[in-house]
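Chemist: Top to bottom, those sequences are chains X and U. Numbering of the first sequence is given in the numbering used here, commencing with residue 1 and proceeding in unit increments. Numbering of the second sequence is given in the numbering used here, commencing with residue 1001 and proceeding in unit increments.
In short, the hints are calculated from the structure, not lab data. Quick reminder that beta carbons are idealized off the backbone N, C-alpha and C, glycines included. Fair warning: there could be bad hints in the mix.
To be verified - Straight-line alpha carbon distances no greater than 25 Å define the calculated SDA-like cross-link-like pairs of lysine to any residue that follow:
1) X:Lys132 - U:Ser1089
2) U:Lys1079 - X:Val131
3) X:Lys132 - U:Leu1285
As the list claims (entries may be wrong) - From the structure, some residues in chain X lie toward chain U, with a derived Cβ separation under 7 Å:
4) Thr88
5) Ala92
6) Gly128
7) Gln246
8) Lys247
9) Gly249
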Amino acid sequence: MTTDIMSTTVDREILYREAINEALRQEMELDETVIIMGEEIAGGAGLEHLGIVDAWGGPFRTTVGLIQQFGKERILDTPLSEAAFVGTAIGAASTGMRAVAELMFVDFVGVCMDQLLNNAAKMRYMFGGQVKVPFVLLTRIGAGFGSAAQHSESFYSIFSHIPGLKGVVPSDPYTAKGLLTAAIRDDDPVVYFEHKGLYLDKGAVPEEPYVIPLGKARTVRPGKDITLVGISRMTWVCTEAAEELQKQGTNAEVIDLLSVSPIDYDHIIDSVRRTHRLVVVDEDTPVCSLASDICARVAEEAFDYLDAPPSRVTAPHTPVPYSRPLENNYVPNAARVVRTVQGLVS
Amino acid sequence: MDLSRDTLISLYKTMTTIRHFEERGIPETGQRQMSASVHSSAGQEAVPTGICAHLTNEDYIGSTHRGHGHCIAKGVDPKNMMAELFGRSTGNNKGKGGSMHIADMSKGMLGTNGVVAASVPLAVGAALTSKLRNFGRVAVAFFGDGGANQGVLHECMNLASVWKLPVIFCCENNGYAESTPVSYGLSVANVADRAAGYDMPGIHVDGMDVFAVYEAAGEAVARARAGEGPSLLECRTYRFYGHTVFDDPLSYRTKEEQDHWRSRDPLKLFREMVVPEGLVTEEELNQMDDEAEALMEEAIKFADESPMPDPLELYDDVYVDYPVDMMRRGANMDI
Chain X
1 MTTDIMSTTV DREILYREAI NEALRQEMEL DETVIIMGEE IAGGAGLEHL
51 GIVDAWGGPF RTTVGLIQQF GKERILDTPL SEAAFVGTAI GAASTGMRAV
101 AELMFVDFVG VCMDQLLNNA AKMRYMFGGQ VKVPFVLLTR IGAGFGSAAQ
151 HSESFYSIFS HIPGLKGVVP SDPYTAKGLL TAAIRDDDPV VYFEHKGLYL
201 DKGAVPEEPY VIPLGKARTV RPGKDITLVG ISRMTWVCTE AAEELQKQGT
251 NAEVIDLLSV SPIDYDHIID SVRRTHRLVV VDEDTPVCSL ASDICARVAE
301 EAFDYLDAPP SRVTAPHTPV PYSRPLENNY VPNAARVVRT VQGLVS
Chain U
1001 MDLSRDTLIS LYKTMTTIRH FEERGIPETG QRQMSASVHS SAGQEAVPTG
1051 ICAHLTNEDY IGSTHRGHGH CIAKGVDPKN MMAELFGRST GNNKGKGGSM
1101 HIADMSKGML GTNGVVAASV PLAVGAALTS KLRNFGRVAV AFFGDGGANQ
1151 GVLHECMNLA SVWKLPVIFC CENNGYAEST PVSYGLSVAN VADRAAGYDM
1201 PGIHVDGMDV FAVYEAAGEA VARARAGEGP SLLECRTYRF YGHTVFDDPL
1251 SYRTKEEQDH WRSRDPLKLF REMVVPEGLV TEEELNQMDD EAEALMEEAI
1301 KFADESPMPD PLELYDDVYV DYPVDMMRRG ANMDI
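Working from the sequences, and respecting the hints, build out all of it.
Modeler: Structural data, given as structure tokens:
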């Protein structure tokens, strides 16, 4: 059974996408005010005469089967109107529902950003604390699938930048379920970033509902020579790099960030005080990024402990390209991490 | 229309309270150098008054940057509104919002809003809550003729129609989006014409005539309450002042036009229509004006005597739950 809140030892294994589905299903069973809305979350919703109410279950099947169990009153397949349904979910959340909205890809945020930036994030503050906005935005990040510039970004840093929003980046099935459960139960707006490259990853997940606290990072590999911070799928790029580095005699600690707001700086700083070196591995672009922010914070608060400049391995400051050799160079990989670390420990 | 004396008194009282709030509160806010972002709704009183007369405290409204009238018509206390304009801790929003964000959730007032048409989906979301939880409440989404051209409004009209939500889309067409005339930016003769695109009734009424607004709103609210879906109600009105307190409206409107609309002042029209009928006397209306004036004196005194927020409230209510340390960490704040 679960030995530590940030990991589990249960035998039961399910996919990342199934963990998301399970968290949604269980929270809807436990709390009848939970609703979900979004494009294609059921799919085929208008074809009841064909007996089809769940043609897709979401483009990545994270919402499959929910409309059969909870009906179209609570599984609200929407027209293609992100500004309207994201805003409507925020309005519903501020008047008594726990509303989950799905934005198919984070790249689409431009069409509904106003509702996130000016209503969800600011209402409680502007209104002097009169309102809670228990709203979750499910969205997707991740390059590497030939989806090009408008379906592949990892724009979590934009949301970290906005006071009033929280954000999480689950990296495996266990954290996918625990963080989504926490996000739905939370009384603040939370953006939940699913990584497209993790949907088919299998891992141990307890059957009963559980919560992983928002704002907490976890150490997935202990080490003493350098701290590697991974964000979402980059956590596993870090562990892959750490295995290679071990062979070369460098013992890397790997931290899985898990939350992009609040950011668990203390967890990272505690590690750097022991390892004296830091590399943040971020699939987002480098300018004004989470990687930049973490490096700046470590430089300010742990300067005396550092034996090398806090460093970053990120995507370049370009849109995501389409062609395979271009995209392969865009996404950070273990070799780049290893090379960067070699420059810091030598 | 055949309205009771109580209804007539209530309508006039709301309109004169709004008028007095705008005429006194805005200059007083200016004198205290609190904000330049204050928008007067003087001239438009008949619209929120005629609509909100059909609503209870449980019903919802989403409002605009020009929203003082919506607040008062929805029952928000002008004393707390004045305090909010003056940035006091006794304001509706504890001095965190000001004129463009006044909210009172206990009155179903989902906030005036500084982004054009941004409150529309909030009202639609409140209508969804009402429908899913069988509250029997309706929501009114107020927007202006400028907001009529915002994409989010159109998405929301479609969504509300598809889901048959109990919402009334109310366009306060005052003729100008800031300084741009409605004829320049609108592809159709009337905003109400656009209702056809969303399969909902589109009604165009004289927004200076509180009875015309009241009657049309009554039908739209009844339709929403009966579960028959949304309506689009366009009220043609006029603001007596500029976009904000700073611009000179004569730089884009003619004096003749302004005089014409001034002659159709909704409070004056009310008197002309009601007094000859004998249900309410001129003296009674004058007395309501005096009471509204006294209420504003009281509100200004209340606001002036209220404390300013404690500087540490800067960090309050950003979230329900978030480490305050994370809000100031690295910022080298003084507090």
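Chemist: Run every hint past the structure and note whether it holds.
Modeler: Consistency of the hints with the structure:
1. X:Lys132 - U:Ser1089: The given pair, whose Cα atoms are some 20 Å apart, holds under the 25 Å limit.
2. U:Lys1079 - X:Val131: holds (21 Å)
3. X:Lys132 - U:Leu1285: violated (41 Å)
4. Thr88: Where the cut-off is 7 Å and the nearest Cβ of chain U is about 4 Å from Thr88 (chain X), the hint holds.
5. Ala92: holds (4 Å)
6. Gly128: This hint holds: Gly128 (chain X) lies near chain U, its Cβ roughly 3 Å from the closest one there, short of 7 Å.
7. Gln246: violated (34 Å)
8. Lys247: violated (37 Å)
9. Gly249: Hint violated; Gly249 (chain X) Cβ to chain U Cβ min 35 Å, cut 7 Å.
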